[in-house]
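Visitor: Sequence:
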Amino acid sequence: MAQKTHAITVDDLWKMERLGAPSLSPDGAQVAVSLTRYSMEDNNASSSVWLLSTLGGRPRPLTQCGDKDGQPRFSPQGDQVAFLAKRDQQGHKDEETQLFLIPVDGGEACRASSLATGIEAYRWCPDGRRVVCVSWVWPELQGAAAQAKALKEFKSRKESVYATSEAQYRHWDHHIPMGREAHLHLLDTHTGRSQDLFEGLPYELNRAEPDAQTFDVSADGTRVVFAFDPAPEKRGDGRYALAEMDLKTRRVRVIAQDSEWDFSAPCYSPDGSKVAFIASHQGLKHTMPGHVAVWQRASGRWQVVSEDWDHEVQAPLRWHEDGRSVYLCAEQQGRRHLWQFLLSERQAQRVVQGGTVHAFDLAAGALVTLSDSSQHPARVHVHPQDAPPRRLESFNDALMASLRLGRSEEVWIKGALGEPIQMWLTYPPGFDPGKTYPLMHNIHGGPHTAAGDVWHYRW
Numbered sequence: 086m087a088q089k090t091h092a093i094t095v096d097d098l099w100k101m102e103r104l105g106a107p108s109l110s111p112d113g114a115q116v117a118v119s120l121t122r123y124s125m126e127d128n129n130a131s132s133s134v135w136l137l138s139t140l141g142g143r144p145r146p147l148t149q150c151g152d153k154d155g156q157p158r159f160s161p162q163g164d165q166v167a168f169l170a171k172r173d174q175q176g177h178k179d180e181e182t183q184l185f186l187i188p189v190d191g192g193e194a195c196r197a198s199s200l201a202t203g204i205e206a207y208r209w210c211p212d213g214r215r216v217v218c219v220s221w222v223w224p225e226l227q228g229a230a231a232q233a234k235a236l237k238e239f240k241s242r243k244e245s246v247y248a249t250s251e252a253q254y255r256h257w258d259h260h261i262p263m264g265r266e267a268h269l270h271l272l273d274t275h276t277g278r279s280q281d282l283f284e285g286l287p288y289e290l291n292r293a294e295p296d297a298q299t300f301d302v303s304a305d306g307t308r309v310v311f312a313f314d315p316a317p318e319k320r321g322d323g324r325y326a327l328a329e330m331d332l333k334t335r336r337v338r339v340i341a342q343d344s345e346w347d348f349s350a351p352c353y354s355p356d357g358s359k360v361a362f363i364a365s366h367q368g369l370k371h372t373m374p375g376h377v378a379v380w381q382r383a384s385g386r387w388q389v390v391s392e393d394w395d396h397e398v399q400a401p402l403r404w405h406e407d408g409r410s411v412y413l414c415a416e417q418q419g420r421r422h423l424w425q426f427l428l429s430e431r432q433a434q435r436v437v438q439g440g441t442v443h444a445f446d447l448a449a450g451a452l453v454t455l456s457d458s459s460q461h462p463a464r465v466h467v468h469p470q471d472a473p474p475r476r477l478e479s480f481n482d483a484l485m486a487s488l489r490l491g492r493s494e495e496v497w498i499k500g501a502l503g504e505p506i507q508m509w510l511t512y513p514p515g516f517d518p519g520k521t522y523p524l525m526h527n528i529h530g531g532p533h534t535a536a537g538d539v540w541h542y543r544w
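Basically the numbering used here = 1-based index in the sequence shown + 85.
Among these hints, one or two may not hold up.
Below, a list of computed lysine to any residue pairs in the SDA-like style, where the Cα atoms sit at most 20 Å apart [to be verified]:
#	residue 1	residue 2
1	Lys153	Pro111
2	Lys370	Arg278
3	Lys153	Ala114
4	Lys319	Glu225
5	Lys319	Gln367
6	Lys178	Arg278
7	Lys153	Ile93
8	Lys153	Arg172
9	Lys240	Glu225
10	Lys100	Leu120
11	Lys237	Asp179
12	Lys333	Arg172
13	Lys100	Ser458
14	Lys359	Gln381
15	Lys234	Glu266
16	Lys359	Val389
17	Lys171	Tyr123
18	Lys178	Ala130
19	Lys520	Arg492
Pair ranges (Cβ atoms, derived) [to be verified]:
#	residue 1	residue 2	range
20	Lys499	Asp112	25 to 31 Å
21	Arg435	Glu244	34 to 40 Å
22	Pro473	Lys237	51 to 57 Å
23	Glu251	Asp190	46 to 52 Å
24	Tyr123	Ser493	20 to 26 Å
25	Thr521	Thr121	38 to 44 Å
26	Leu447	Glu251	26 to 32 Å
27	Gln280	His177	17 to 23 Å
Think of the hints as simulated: they come from the structure by calculation, not from any bench.
Where is the CB? At the ideal position from N, CA and C, for every residue including glycine.
With the hints as extra help, turn the sequences into a complete structure.
Guide: And the structure:
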């Protein structure tokens with residue numbers, strides 16, 4: 086018998102399992118992803134790490150003991166997966182998010198950090214032992230003990246209200262930690278010891294979202310490049326510069342700075358001779374798009390290389406292993422594709438078509454993406470070079486098969502001054518062309534943050 090379907094409800098929406106950004110193993114054979122499930126009854130969410138095979142086979146859960154396991158990344162040697170979590174295990178309950186390691190072939194996850202102020206994001210160093218991570222600290226304090234004491238005092242305060250003179254004190258749905266800054270730390274996962282790389286230095290990361298796109302570690306593990314706001318007053322619309330630190334000496338030099346430009350998402354080339362990043366000419370107009378720019382170590386100079394390509398570049402950036410091109414995401418007519426930008430030709434070629442490509446990873450010639458569309462939530466695909474894309478999971482398929490969705494189509498109309506305007510037309514489920522229906526017209530932020538071919542839980 087044919088399966089009975091129904092129109093989507095809010096309960097269906099919260100039953101959908103949400104996938105995080107994929108991380109490929111160094112040999113390209115496996116993908117680590119976080120999977121988040123929600124419970125309307127318990128009013129909570131739980132996340133675990135899963136492994137997907139690019140060679141075939143069923144997905145398998147890698148972590149099962151935590152309830153908030155996220156941001157998984159394979160180690161450079163591929164023998165273990167790191168992830169962030171707060172857990173109650175090994176006789177210790179985490180007050181803040183810490184880094185955990187788990188063998189790829191299974192077993193217990195071990196806590197690898199004990200930063201009192203927790204970890205926000207991280208990147209592996211190539212030795213597979215150290216990671217560079219982000220933690221919110223009180224910049225005037227020195228040492229882990231002082232940070233732990235300050236955090237304890239902060240959490241024990243009776244009041245929730247506070248006064249601030251900061252220009253940027255809140256981002257979307259959360260307050261920026263009061264009196265604290267996002268600093269890079271160097272963590273030894275074998276000993277658990279960490280060092281605040283910015284301690285005593287006038288640097289901090291983006292206050293809004295200090296994630297793993299705000300810095301990068303060189304392939305030889307000797308340097309880290311990061312974006313920082315050089316202005317004395319930190320603002321949401323600050324124009325960021327790029328600096329590079331020698332991890333051994335902690336010496337810092339600014340490698341790219343211009344008061345007219347905003348720089349973000351730095352990424353080292355495979356040989357470390359270049360840094361690709363996103364540059365936006367904010368001095369010209371605050372809505373100027375981001376372009377691909379490249380800093381050359383030999384000359385010490387940077388240059389925008391995609392100014393003739395009429396697309397806004399979006400993070401992250403990833404170099405091809407030959408160092409001649411950069412992978413990136415960019416929107417085109419309401420869809421977000423994955424592109425390969427050829428540096429010498431200064432041209433881009435589409436590699437994966439959206440919907441909306443949200444995240445991707447590359448390793449050993451393998452390419453995986455996380456993408457969705459107006460017709461389905463995010464899915465993970467591997468993209469062989471000489472074969473069609475292949476889906477690696479089916480987490481939401483049974484639920485989606487039970488839903489009766491309205492089809493969406495792209496429509497173009499003539500707007501002001503005869504300009505063509507793109508519109509998405511979504512029909513009610515079971516649409517009957519012989520009937521008349523009410524129309525809801527939703528205009529959202531175009532051309533900046535416009536409504537696109539995307540599965541959006543807000544709507």
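Visitor: Confirm or reject each hint.
Guide: Evaluation of the provided hints:
Restraint check for Lys153 and Pro111: the C-alpha separation of about 25 Å exceeds 20 Å, so the hint is violated. Between Lys370 and Arg278, the direct Cα distance comes to roughly 45 Å. Violation of the 20 Å bound is thereby established for this hinted pair. Our distance criterion of 20 Å between C-alpha atoms is broken by Lys153 and Ala114, whose separation comes to about 25 Å. Distance hint between Lys319 and Glu225 is fulfilled; the C-alpha atoms sit about 17 Å from each other, no more than 20 Å.
The hinted pair formed by Lys319 and Gln367 meets the criterion: a straight-line CA distance of about 16 Å does not exceed 20 Å. Taking the CA atoms of Lys178 and Arg278, the gap is about 18 Å. The hint holds against a cut of 20 Å. For a cut-off of 20 Å, the pair hint linking Lys153 to Ile93 is broken: about 27 Å separates their Cα positions. Of the supplied pair hints, the one linking Lys153 and Arg172 holds, its CA atoms being roughly 8 Å apart against a limit of 20 Å.
Under the criterion of a C-alpha separation no larger than 20 Å, the hint pairing Lys240 with Glu225 is consistent with the structure, at around 18 Å. For the hint linking Lys100 to Leu120, the alpha-carbon distance of about 12 Å falls within 20 Å, and the restraint holds. Straight-line distance between C-alpha atoms of Lys237 and Asp179 comes to about 13 Å, which keeps the hinted pair within the 20 Å bound. For the hint pairing Lys333 with Arg172, the CA-to-CA distance comes to about 32 Å; that exceeds 20 Å, so the pair is violated.
Proposed proximity of Lys100 and Ser458 is supported: the alpha carbons are some 18 Å apart, at most 20 Å. Pair hint Lys359 plus Gln381 holds up; C-alpha atoms about 5 Å apart against a cutoff of 20 Å. A distance of roughly 16 Å separates the Cα atoms of Lys234 and Glu266; the hinted pair therefore holds under the 20 Å criterion. Taking the CA atoms of Lys359 and Val389, the gap is about 13 Å. The hint holds against a cut of 20 Å.
For the suggested pair Lys171 and Tyr123, the alpha carbons sit about 18 Å apart, so the restraint of at most 20 Å is met. Among the hinted pairs, Lys178 with Ala130 is consistent with the structure: their alpha-carbon atoms are about 19 Å apart, no more than 20 Å. Note on Lys520 and Arg492: the hinted pairing holds, with a Cα-Cα distance of about 16 Å set against a maximum of 20 Å. The hinted window of 25 to 31 Å between Lys499 and Asp112 is violated, with their beta carbons roughly 53 Å apart.
The beta-carbon spacing between Arg435 and Glu244, approximately 54 Å, falls outside the hinted interval of 34 to 40 Å. Checking the proposed 51 to 57 Å range against Pro473 and Lys237 shows it holds: the Cβ atoms sit about 55 Å from each other. Between Glu251 and Asp190 the C-beta distance comes to about 47 Å, which sits within the given range of 46 to 52 Å. Between Tyr123 and Ser493 the Cβ separation comes to about 25 Å, which falls inside the hinted range of 20 to 26 Å.
Separated by about 40 Å at the C-beta atoms, Thr521 and Thr121 satisfy the suggested range of 38 to 44 Å. A C-beta distance of roughly 38 Å is found between Leu447 and Glu251, which places it outside the suggested range of 26 to 32 Å. Distance hint check: the CB atoms of Gln280 and His177 are about 22 Å apart, consistent with the given range 17 to 23 Å.
Hints 1, 2, 3, 7, 12, 20, 21 and 26, counting from the list given before, are not met by this structure.
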